[in-house]
Amino acid sequence: MAVDRNLDSFGTHDRLTVDDTAYRIRRLDRVEGSARLPYSLKVLLENLLRNEDGRLVTAEQVSAMANWDPAAAHGREIAYTPARVLMQDFTGVPCVVDLVAMRDAIAALGGQTTRINPLCPTELVIDHSVIADVFGRADAFAINAELEFQRNSERYQLLRWGQQAFDDFSVVPPDTGICHQVNLEYLSRVVFTRAGADGPLAYPDTLVGTDSHTPMVNGLGVLGWGVGGIEAEAAMLGQPMSMLIPPVVGLKLSGQLQPGTTATDLVLTVAELLRATGVVGKFVEFFGPGVANVPLANRATIGNMSPEYGATCAIFPIDAVTCDYLRLTGRSEHQIKLVEAYAKEQGMWHDPAHEPVYSQILELDLDSVEPSIAGPKRPQDRIPLRAAPHAVAELLAGAPSTAEALAGLDEASAESFPASDPVAVSSDRAGDRPRTPCCDAQDHPWPTVTVAVSLADGTDTVIGDGDVVIAAITSCTNTSNPSVMVGAALLARNAVAKGLSRKPWVKTTLAPGSRVVTDYYERAGLTPYLDQLGFNLVGYGCTTCIGNSGPLIPEVSKAVVDNDLTVCAVLSGNRNFEGRIHPEVRMNFLASPPLVVAYALTGTLRINLLTDPLGIGSDGDPVYLRDIWPTAEEIAAVVDDNLQAEMFTHSYADVFTGDDRWRALDVPEGDTFAWAPESTYVRRPPYFDGMTREPTPVADITGARVLAKLGDSVTTDHISPAGSIRYDSPAGKYLSAKGIERKDFNSYGSRRGNHEVMIRGTFANIRLRNQLAPGTEGGFTRDFSQAGAAADAPVTTIYDASVNYLAAGTPLVILAGREYGSGSSRDWAAKGTALLGVRAVLAVSYERIHRSNLIGMGVLPLQFPDGADADSLGLSGAETFDITGVTALDDGIPDTVHVRAGDVEFEATVRIDTPGEADYYRHGGIMQYVLRQLLD
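So for the sequence shown, my numbering puts the first residue at 1; every next one is plus one.
If you're looking for bench data, these hints aren't it; they were derived computationally from the structure.
Mixed in with the good hints, there may be bad ones.
Said to hold, decoys possible - In the DSS-like style, the derived pairs of lysine-lysine whose C-alpha atoms are separated by at most 30 Å in a straight line are:
#1 K743 - K733
#2 K733 - K558
#3 K743 - K558
Just so it is clear, the structure is predicted and the values come from calculations on it, not from any experiment.
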């Protein structure tokens with residue numbers, strides 16, 4: 001909420017006139033020390049100045065920001081108040097469900113229901129529910145959209161009700177676009193304005209979003225990052241966010257991308273660099289002479305991938321490129337003038353000659369970027385395109401990681417695979433000389449397992465390990481970027497002209513982030529070529545990137561499952577974690593949209609795209625990638641001729657109206673929602689059951705059992721329910737018992753408003769490996785409540801074990817390794833953990849959002865002593881745990897608590913990092929804390 005406080009300890013009140021409008025501002029240059037601050041911290045400084053009230057935001061906080069110590073691991077706690085909240089429907093539906101439940105709870109405690117209402121602008125974009133069930137046909141979009149409404153009408157009814165029942169809450173209906181792209185193209189103001197008694201107030205646009213890829217908007221100079229749904233709810237209800245002033249890493253850019261390299265190649269390079277540097281919990285900011293050479297869409301691509309390298313945000317300052325993009329996307333001239341004038345007045349306009357103070361400075365020469373992909377299960381595992389077949393062969397042969405698959409390759413392959421782009425690999429450099437394959441048959445034999453498949457259209461083919469079964473142009477990461485989208489379409493045009501076609505076993509999909517993409521495709525006459533290769537429009541929204549890839553080609557699916565094949569997906573997305581893209585696809589590679597098209601043509605990762613032919617053309621000659629790769633000049637010409645501002649203004653003219661199906665939804669009236677007891681999509685959650693006006697004292701955790709013992713890099717995808725619901729899973733059995741047919745199970749994401757489904761899917765990812773139940777994969781554990789001796793504990797599902805532990809009154813703990821909870825901000829990773837009865841998590845390290853979400857659900861995050869983990873301490877997970885010293889949280893934040901597990905004892909670090917987080921924990925969670933504040 002933007003609150004204009006009268007308190008002004010630093011004398012910063014002033015006015016800025018643009019055209020004939022005088023805006024009130026808080027001048028940063030009146031605070032000593034502000035000029036040296038990085039752009040992102042200037043935004044935070046202005047936020048503190050504007051919200052200073054002497055209680056939540058104090059002059060001491062302002063001074064701490066102005067006197068920021070770049071060498072400090074973290075600075076003082078501050079209270080940050082974002083201007084707005086952005087949600088998508090997977091995370092937004094539970095938020096609305098929680099707000100509705102809070103209205104019921106406040107009424108039960110004698111409060112006013114209308115106190116539960118967004119107090120800052122909140123915008124929800126329905127973009128996560130479309131599934132690519134149908135592909136490769138002209139009516140794919142229409143069929144998928146109809147199926148989406150059939151499956152999700154109960155959820156959509158709730159959101160329609162919320163739109164009319166809550167103030168300052170807007171919903172962008174389905175089939176419009178991806179929240180981050182809609183945010184970039186339409187919702188973002190860059191400079192926000194609010195009416196006031198003394199005239200309009202102008203200040204930097206800021207936000208938090210319930211999706212970890214919210215930093216995509218950082219490319220526009222808008223400070224925002226992903227939070228859990230429970231944190232977003234608190235922000236919606238006017239609660240400032242408690243945070244520590246972060247370190248800021250400056251990434252100095254120089255040079256410019258070489259022809260043939262794309263924004264995707266750049267972002268994969270940045271992700272690799274920053275993940276290796278270690279930027280978890282830090283801000284990243286770009287500066288230097290190379291910034292001007294990075295188009296806005298490329299900046300957004302880099303910002304989008306922040307979660308993949310662990311940064312809180314990755315921001316570009318405002319400059320002429322920012323203003324040009326605002327003009328392109330149809331913003332008013334007055335707004336553009338305001339953005340430029342405000343940024344220059346506040347010292348926020350990027351000056352390539354000025355170098356702010358940073359905690360650490362890295363450098364990247366854009367000239368050094370080469371074509372790349374990343375995988376097979378982590379976005380930061382970049383693979384030079386020239387080395388892709390070598391890496392895949394090594395991985396199939398048993399290499400434990402991408403790094404080891406690539407070990408020693410650079411020197412050995414310098415002659416065979418020049419680090420150059422597809423355009424530059426001309427015949428005199430590669431095509432006419434003897435070529436040494438990177439996967440020499442003697443040293444790196446490809447798997448011999450191949451399977452004959454007869455497809456429905458009568459085609460007989462053969463597939464095997466390393467083949468591509470999904471090629472998807474999808475996700476917010478790249479579909480906001482006209483250069484790579486046009487590049488993909490031009491490559492498709494050139495491929496069709498050469499007589500190439502997609503391989504018949506490849507499922508090909510096109511899911512743009514906004515309708516503007518198909519507008520400029522149509523205007524440029526490029527749609528038919530994509531259609532001819534099977535890249536027909538399947539929907540406007542997140543599909544393959546979040547697991548909504550739909551079924552594989554049936555015959556291919558059967559061959560993969562029956563023969564245990566290790567097949568691949570290639571997608572232009574940002575996530576490729578295990579089990580995420582499709583349960584039958586084990587290797588997933590991120591790539592630019594043009595490379596997605598190229599891999600659809602080859603149908604395999606077993607060839608080198610830079611040196612091997614993609615196929616045989618209609619003239620009988622081999623066709624190489626260099627033959628069909630469009631030049632940078634071609635791409636720029638198509639973009640310039642066909643992407644126009646009126647496309648954006650037309651597309652977003654009625655963005656909140658929706659189609660006939662949306663408008664026809666039956667919406668109940670009233671301040672409280674009428675829960676439908678028979679609904680399997682939306683149910684009242686139990687968070688407030690038995691809640692009292694005053695919190696109960698914090699208690700130690702005694703007699704606890706381990707629900708799961710996990711290794712390193714367990715992501716929120718492993719924890720939170722996502723993707724399809726298996727028939728034989730606890731969630732599947734629940735739905736079957738409710739009379740739901742298997743074909744109507746839908747996805748976990750679509751049922752996030754039903755806690756009964758979500759509890760049963762927590763820790764149920766098919767690739768989760770719980771060390772308590774060796775030899776299993778998925779949501780299994782040993783149930784120590786069902787045996788006299790630990791050795792006799794039976795193996796059962798995590799959900800069923802939880803039911804028994806809850807019945808016995810036994811608290812639970814999770815043991816985990818490094819980077820616990822990395823990945824998406826999925827609040828259900830924390831909600832499900834809490835509802836299973838987990839009271840504490842012991843990990844080697846955490847990703848920021850998940851640690852915060854655990855606290856928000858009343859779960860205590862603890863960290864093993866430095867250099868230690870469960871194995872080094874000798875913990876098997878069969879022990880009974882006592883965690884004492886927790887009661888000290890009633891009065892402060894202790895550094896450590898004492899853990900006794902069988903014969904092992906140690907001090908665990910308490911990862912409650914701020915007083916605000918301690919308040920949430922004392923109240924049993926952030927929602928309970930906010931609710932009690934609103935009772936006063």
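Results of checking the hints against the structure:
1. K743 - K733: holds (13 Å)
2. K733 - K558: holds (23 Å)
3. K743 - K558: Satisfied, since the Cα-Cα distance of roughly 18 Å is no more than 30 Å.
Every hint from the earlier list agrees with this structure, and none is contradicted.
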